[in-house]
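The lines below spell out each chain.
There are 2 protein chains.
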Amino acid sequence: MSYKQGQIFSFGPNLTPIAAMDAGETIDVVCQDSCGEQIRTEADLLSKVDLDHVNGATGPIEVRGAQPGDTLRVRILDIRVEKEGYVGIEPKLGVLGDRVTEARTRMVPIRNGTAVFSKDVRIPIRPHVGTIGVATGGPNLSTFYPHDHGGNLDTKEIAKGNAVYLPVSQPGAMLALGDIHAIMADGEVCVTGVEILGTVRLRADILPGLAMKRPVVETRESWMALGSAETLDEAARIATADGVDLLARGRGMAWEEAYMLASLVCDLRISQDVDPYRTCKLVIPKAYLSRLPGMAANARRRSRTARRRT
Amino acid sequence: MSYKQGQIFSFGPNLTPIAAMDAGETIDVVCQDSCGEQIRTEADLLSKVDLDHVNGATGPIEVRGAQPGDTLRVRILDIRVEKEGYVGIEPKLGVLGDRVTEARTRMVPIRNGTAVFSKDVRIPIRPHVGTIGVATGGPNLSTFYPHDHGGNLDTKEIAKGNAVYLPVSQPGAMLALGDIHAIMADGEVCVTGVEILGTVRLRADILPGLAMKRPVVETRESWMALGSAETLDEAARIATADGVDLLARGRGMAWEEAYMLASLVCDLRISQDVDPYRTCKLVIPKAYLSRLPGMAANARRRSRTARRRT
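First to last, the protein sequences are chains A and B. Residue numbers 0 to 309, in numbering that gives the first Met the number 0, belong to the letters of the first sequence in order. Residue numbers 0 to 309, in numbering that gives the first Met the number 0, belong to the letters of the second sequence in order.
Hints listed in this document are in silico derivations from the structure and should not be mistaken for laboratory results. One should not assume that every hint holds.
[Unchecked claim] Covered by chain A, according to a simulated footprint, are these stretches of chain B (three or more residues, beta-carbon under 8 angstroms):
hint, region
1, 78-84
2, 177-189
3, 203-213
4, 255-264
[Said to hold, decoys possible] Derived DSBU-like pairs (lysine-lysine); straight-line CA-CA distance at most 30 angstroms:
hint, chain 1, residue 1, chain 2, residue 2
5, B, K285, A, K159
6, A, K82, B, K285
7, B, K118, A, K285
8, B, K91, A, K212
9, B, K159, A, K285
10, A, K285, B, K82
Only a predicted model underlies this, so the values are computations on that prediction, with no experimental measurement involved. All C-beta atoms, glycine included, are put in the ideal place defined by N, C-alpha and C.
Sequences and hints are given; from them, build the entire structure.
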C-alpha cells in the first residue's frame, strides 16, 4: 500500500477505502513525508508549502469485519525511513512561534541509524508514526487534528514494537496513516520532528467488544491513555480521566482508589504541544495494570482468528 | 535543622533566618509533612485541616555569602522518610476534582522501601522534596505556589542524587524546604503524593554570576528547565523558552538551531497539574548539553571554596 494509491487529508465518517486487509494480516504502508515532498532543499520553507497537500495519510484501508463498537489494535512491527528528512520552523508555529522571525528549513541526512542534525550533533533515530486514525463517529476533521479517532497524535511511542488501539466508529474501521518522524521529543516544540518519507509494517487486529472512547498506546512497559483538546490543560484532564477509568475497571478498584494510585504511579505527560489540538497521555505502568479492561476475552477471540489463519 | 525551630508559609523578599550555613556545608533538614501532622488516621481529611498550618517549609536558612544575581545549587544527598504517610483526595482539588464527591484519606505505611498502598499494591518509594525555594525578588507567595523562586514545584526529580538550582534574589538566599513525598508521579493528579515527614540531607553551593531566571533541576542524565504559571499551556511555554535559551547559550548555537534541536531531543513534560500555578519542565539530555552556560568558571570557583574548607 502506498500513498501513490491514495491518501486522505481529513478523517470523517464516510471514507472510501483504497484497499482492504484481513484482521491479523501484516501489510506495508508507504507514507509520504508530512509536507508531501514539497521540501527537498533548505530553500523550501514551511511557509511556502501548499497546505492542500500537507499531512496526507495513506489509506483508507478497510479492515474486513471491523464494526462500530470494536477496537482496532494496530501493531507497529517496523518503520523504515528514507535517507534524508528535514526539520522546519515558521513564525507563529510551535510553542515559541512568537519568537520566530522567519521560516527556516534544515535538511537532516539519516546515516547508520542516526539523524545528522549538524557536524557536531548526531541523534540516534527512533522512527514513529505521527498521524494514524480511523473513520470518525461524525465530525470531519482535517488530518492536522488529533482527536478521539486518532489523527495527528504525534505521540513518539507509536513506534516499532508498540501498538495503538483505536475505537472503531464505522464498518471496516478505515485505517489511514502518515506523517512519519525519524526522531521527535515529547512536545514537538518547534512544530516538526525530523519529517521523512517512510514505510510502516503493521498488523491490525480487531478486538470486538473492547469499547474505547479514545486512542490508547501500548508499549512493553505501559499503557498510555491519550487525550486531545484545544489546550494542554483540557487534554491533560481527558487523558487523566480515561487513564484512571482504565485503571479502576482493569483492576476492579473503586474509582477514588484508582485516582489516588494514579497520582503515585502514573505519569501525566505531553505528546505534543503544537497541533491545533494538544495531546497529553496518562502513562499506566503494566506493573499496576496487566491488561486493559475487557481484554482477556478479546485475547482469546484474537487467538482463534490467528489459529484459523495458520 | 528542624521544622520545630521554624517554618514559613510564604516566600517573600524579607525573610528572617532561623539558622545559617556555609556554602559547601552539609546539613540535615527535618521537614513536617505537608498537612503539618494534622492527618494521623483515615478519619482526618484534607477538607478539615487548618490551612494556616499547611505546606510549611523548614527555614529560612541563610547561606552565608550568597548575593542577588548568584545561583544557589542545592544537592539532595539523601531523604529519609518516616514509617507512615498518606494520600488524600478532596472535592474540587486535583485534575479530576469535579468528580470527587467526598474527601478521603488513605494511610500508607512504608515498609522495606515500599509504600504499602493496599494489600495488593506495593510501590517502591522514591522520596523527593515537593517544596523548596529562596526569598523572592519582590512578591509574597504562599508556599502553595511554585514560581521563579522555587516553592511548591512538586517535581519528582528533586530527589536523592540530584540538584536544584535556584536564582538568589536576596542576601543569604534564605533557603526553605518541606512537603516531602515518599512517592509521586508526574502530574500529582489527585493533588497529593504520599505525604510524609522526612529528613533531607543537603549541601548548598553558591555559583556566582550564573544568573538564572528560574529553577533548573540537574539529574545524572539531564537538565530540566522549570516553568510555573496559571495554566499548563503557559507553564509549558516558559519551560520551553528557558530550556531552548540554555541549550543555545550552552552550546553557542543560534537560537533557531537550538529551538529545532529541542524539538528532536528535549522532552517537554509536566511536573504537577494541581497547584495554584502548574509546573512544566523541558528536559535537556546532557548528551546535548554537558553543562549550563557560565558554569565552567563557577565550577572552578566552587572547587576553590571546597579546597579552602578541607
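Inset, instruction - Test coverage of the region 177-189 of chain B by chain A using CB-CB distances below 8 angstroms; three residues minimum. - result: holds (count 8)
Legend entry - Pairwise hint evaluation, K212 of chain A against K91 of chain B, where the allowed Cα distance is 30 angstroms at most: OK: K91 of chain B and K212 of chain A at ~24 angstroms, within 30 angstroms.
Legend entry - Within 8 angstroms of chain A (C-beta), three or more residues of the region 78-84 of chain B: violated (count 0)
Legend entry - Hint consistency between K82 of chain A and K285 of chain B [alpha-carbon to alpha-carbon, up to 30 angstroms]: 27 angstroms, holds
Legend entry - Verdict on chain A covering the region 203-213 of chain B, criterion of 3 CB contacts below 8 angstroms: Per the Cβ count (0), the hint is violated.
Inset, instruction - Take the C-alpha atoms of K118 of chain B and K285 of chain A, compute the straight-line distance between them, and say whether it is at most 30 angstroms. - result: 18 angstroms, holds
Legend entry - Restraint check for K285 of chain B with K159 of chain A, where alpha carbons must lie at most 30 angstroms apart: OK: K285 of chain B and K159 of chain A at ~25 angstroms, within 30 angstroms.
Legend entry - Verdict on chain A covering the region 255-264 of chain B, where coverage means 3 or more residues with a C-beta closer than 8 angstroms: With 9 residues in contact (Cβ-Cβ under 8 angstroms with chain A), the coverage given for the region 255-264 of chain B holds.
Legend entry - Holds or violated: K159 of chain B to K285 of chain A, with C-alpha atoms at most 30 angstroms apart: Holds. K159 of chain B to K285 of chain A sits at ~25 angstroms (cutoff 30 angstroms).
Inset, instruction - Compare the distance between the alpha carbons of K285 of chain A and K82 of chain B with 30 angstroms, and conclude whether the hinted pair is satisfied. - result: Status holds; Cα separation ~27 angstroms.
Hint check: violations occur at hints 1, 3; the rest are consistent with the structure.
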